[in-house]
Every structure is written in C-alpha cells, then in structure tokens.
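A.B. asks: Spelled out from the first residue to the last, the chains are:
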Amino acid sequence: MLRYSIRRLLQSVVTVFIVITLVFLLMRLLPEEGYFGDSYDKLTPEQREAILRKFGLLDPWYIQLRNFYSSLLKGDLGTSIIYRRDVPVIDIIKIKIPFSVSFGLAAIGVSLLFGLSMGIHMARNKGRFWDQIWSAYVVFINAVPAAVYLLFIQLYVTGLKYRGRPIFPMLFDRYNPRSWILPLISMSLGSIAGYAMWMRRYMVDQLNQDYIRLARAKGMSDKQIMVKHVMRNAFVPMAQYLPTSVLLTISGSIYIESLYSIPGMGGLLVDVIQRQDNPLVQALVLIYSSLGIWGLFLGDVLMAIFDPRIRLERREGAR
Amino acid sequence: MTHKEQQVIQAMEDEALFTFAEYDPEAAERVGYSDYSYWGSTLKIFLKNKTAIFLLCLMGALILFTTIQPYLPNQKSPIKIHTDPATGYPLRNRPPSDEFWFGTNVIGQDLWARLWSGTRTSLLIAIIVGIWEVCFGIFIGAVWGYVRQIDAFMTEAYNVINNIPTTILLMLLAYILRPSFKTMVIAMCCTGWLGMARFVRNQIVIIRDREYNLASRCLGTPTYRIITKNLLPYLVSVIVMRIALSIPGTIGWEVFLTYIGLGLPIDTPSLGNLLNEGRQVMMAPALRYQLVFPAVVLSVITISFYVLGNAFADASDPRNHY
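Taken in order, these protein sequences are the chains called A and B. Quick note: the first sequence uses my numbering, first residue 1, plus one each step. Quick note: the second sequence uses my numbering, first residue 1, plus one each step.
Because the hints were derived from the structure by calculation, they are not lab data. Don't take each hint at face value.
What the hints assert, rightly or not - List time: in silico DSS-like cross-link candidates among lysine-lysine, alpha-carbon distance up to 30 Å:
(1) LYS74/A - LYS94/A
(2) LYS74/A - LYS42/A
(3) LYS229/B - LYS126/A
(4) LYS126/A - LYS182/B
(5) LYS182/B - LYS44/B
(6) LYS48/B - LYS126/A
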C-alpha cells in the first residue's frame, strides 16, 4: 500500500517534470512576434532584439530551460503580454483561483451525491422504466459533445420564467446565489453520468453474488440487504471513477466558466488563447495539467485505500 | 408378481424392442458437430437489435448522402456569399425557405450546403483519426505485449504519459500548430492511440502463451507472423468497436477546440464551426435555427455511432453467444 503510493507519487513527479519540459519546448516553437504584443510593427529590429534579450530568448535552449525551471521554483511564471501588459502572471491568476477551485470542488461533491443515488436507483429498478430513462441520460451525456448540451441548457433553461422574471440568470454574478446553480449543475452532468454507470454496474454485479443469496436465505428484507451489504461497498465504484471525474470537471470548467462568464481560470484560459498571450497560456496549461496529474494520483491512492482487492492499475476511462 | 410387472419383464425380453444400432458415421458427426461460427453468431445477435440496424442504415445513408450531396442538382456552394440580385446586398440571416432550405447565415451563405459540407469535414477527421488510432494503437500494443523485454519499460512509460490530461495536451498542440485541417488531425492523432495500445497489450499478454502460439514458436515462425496470424484475428471485433466509439469522441474534441478558439479556419465548414457560428447569434430567437440545425445533425451522428459501437461490442462478446 505504502510502497504503491510512493511509486505512484514518483510517477506523478516524473509526469509533472515531463509536462513542464514539453510545454516549455513547444512554446519555443511559436513565432517570436508573440512576445511584442501590439507594438511589433512599430519597433526597429534593434529594439526587438533588446526585448528578446530581456526575456532571455536569445540564449541557447538548454540555458533557457534551466532558467525556466529556476524561475518556476521561485514561483515566477513571467509577466502577461497582452491580457494585462507587464502584470505578473501570478497576480492575475491569484484572484481567479478561488472561483475555479470552489466551483470544481462543489461540482465533484454534487456529482458524487447525485451520481451515486442515480446508480442505486437504476440498479434497484433494473430493466424497468426508470432504469431505461437514466440509461438514456447516460448514453446521451456520453455521446453528445458537452458543448452542445451545455449551450442548450444555458439557452433554454435561462428562458424559464416565474411571475415574469427569469428563474436562473444567464450570467454568473458572485452576489446572486441563484446564478451559481446552473453552472454547478452543468459542471456535474458528465460526472453524474459516469458515477451512475459505475454504480449501477457494480450493484448489479454484487446482487448476483453468493453472499447476497445467503442474506436473502437468512430472511433479510431487500431493503436491509441494500443498506447493510450492497451500499456499504458503494465507495468502491466511487473511488474507481474519482480520477476521471476530476479530469472531466477540469475540462468542463474551461467551457462553463467562459459560457457563464465566471471569473475563474477556465474562462481566462479561453480568453488568453484567443488573444494569444503566450506566458499566460503557458502558466495556465501548467496549472491545469498539474491539477489533473495530482487529481489522478489522489484518486489512485484513495482507491488503493478503499479496496485492497483492486488490482493496482487504473481503469480505462474517458480522458 | 403382479400382472403388470410380468408384462414389463416380457417386454424386456422381447428382442425386437432392443436392437443394436448400426454404427453410422454421419449421424455421429451430426451429434458432435456444432454449427457455431463466431462471426455468424455476432451477426445474428447484432441483427436482432432493431435500434442498431436502424441506426446503421441511417448512418450509411448519411455518409452516402454527404458524399454525393455536392453533385446533386440545385446544390449551392458552402462558401459562396449569396447576394440579392436587385440590390446587391448579401442575403443575411434569411430564415429557411424554398430557395435556402435551412436558411442563410450571418454573411449570407447557404446553411444547407454548409451543414453537409461541415458534416463531411467532421466525419472525415473522425474517420482518419479513428483509423490511425487503431493502426498505431495496435502496432504499439502488439509489440508491447509480445516482446517481453520492453514490457516493464513500456508500462512505466504508459503510466507516466497516461497521467497527462488529454484536454490540456490537445489544447496545447492545437495552440502551437495553428489550426487547419491537417494540424487538427495531427493533434488528435497524437493523443488518442494510448488507450487502444493498452487494451491490445492486455489482450495479447492473455493469449500470447497459449499452446498453439508455443507450437508456432517452436516451429520457428517469425514474431511478426505470429502477431499478425495468431494474435490479431482475436482483436478484429474490438477494432471495429473502437473505431465506432472514437468517432463521437473525435467530433466532440473538434467542437471543444473550436469553442475555445482553436478550431478550423472559418472558410472550412465543420460541425464545430457551424455550432460556433450559431452560438454567436443564439440570443435572437428568430436566428436560433442556425444553432439548432447543426446541433441536431451532430447529436444524431454522435449518438448513432455511440449506440452502434456498444451494440457491436455486445454482439461480438462470445459470452452473449449461444
């Protein structure tokens, strides 16, 4: 268990290291114009060279890579070029983090709650009406690109009115809790489907096991069996799906934050990609990929803690 | 001894009732013979699934239609901007009519033509990426599973690479490569094959040491021949399924990349592009048709392939055969 966790930790560290190097090397492939903002045409070649030298871009690549690592260790992610000129990236991102983190964590919580109950409901009604309805939901969410259904949710659910006033506002407003609901639900939809699917499969498996048959033979009621035997084990599918859920939430947040104008990192990423602010893109990509890597690490370790029987290898999931 | 029992004993002694059967090789063959064939059973179970058959026909018709659509009579160019002959102004945002079946978009292009052209582009990307995923994934997976010496190294490498979130990698690649049809395909080809390779590796490790493979090796069959003749045929069903399931995935990535501003250039219609154009005018209820038409076509395609892939996976699983 401990050995596995340490091994897994080492893997994650190596991955982070590779990602950082990869991001750095790929970003060097971009044309140099990106470092001048709007003023590229106004500068003389000498001025351009001076700016490039200031950024350290004229050094050989291995020196650049070394500088990149050492400044990363110091927590320096460079300065923004276009989004907010010459403001340190870290200051821009600092005020965005709370929004993204709280929405992400809330979404994971909501999806655990609803996904697991949906899965239980499906398993209990296996083959019947509600099972089919929820299965259709799972198929729909898995097959249709998130961009499509999220867009239609925003478009039509915000159109609902109660006494002539819209129930859900179209855009995020930090002082209006009602506007938090839709983004939160949208962010959870994908993970809910995943949890429900795992949970259903797991419970149907369990219900065919011998120990359930024994419990039934002893005269336990279905309800008791469910509560005392089957649901006790519910954390196994939960832990199994947690890593994928973290990744889904991260990629979902990129969409949803920009759809609802939530001032978080996801919305910022879409914004700076379109404006081609390289240092900010680089910093955000690094943050998101490290988040993903640590999410996977956490999920795997949790899984090993919860269920020692599980082979210590990750299931294939959507990612 | 009762009368009835006497009758039974008499009947047992009656030679005519108990004759030795002639040995008939044909009859023996018939009893020992099973007409089970893997592909026959797969097909039989698949054909039983009415939804799957319907969707298969629908997708077949759709692919055929998008291919021949430009050559049909009365079709407009997807990138031509239509103008009013009287005034010379572009025909912007015309609602669906006899002239423009699905209306026109913000700059006056025919949405019907754009929709099918976009479907063509998206399906083409999806199919290329799907085939690449399968070919490359199987190649890596087969070598990884079969050659024992590199297994440990490859597994470590897989664990490390698999930790990188696909979304981020794809975004980064698209950002650096600058979007076009080619780079979009390249970016998606870089990310998708990993799962396939892993799956093939696991399968091959399972069947690698069966007796007939041992026999082949003893006879000196070269490795590539063992892989292609003894191992890969087991994987055909999986391959078909993976292609079917990777199509909705790839279309989804394309839509995602377009949404965050890394999509195909605007003069190459694709489902992602059309959706994005529709999104820009969605606040006007009268113009929502520009969003709804692409969204419906896209959803039908992705759901169909998803359901088809799963139906095929069920049908090709020998545990469901009888």
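A.B. asks: Name the hints, by number, that the structure is in violation of.
C.D. replies: The structure breaks hints 2, 3, 4 and 5; every other hint is satisfied.
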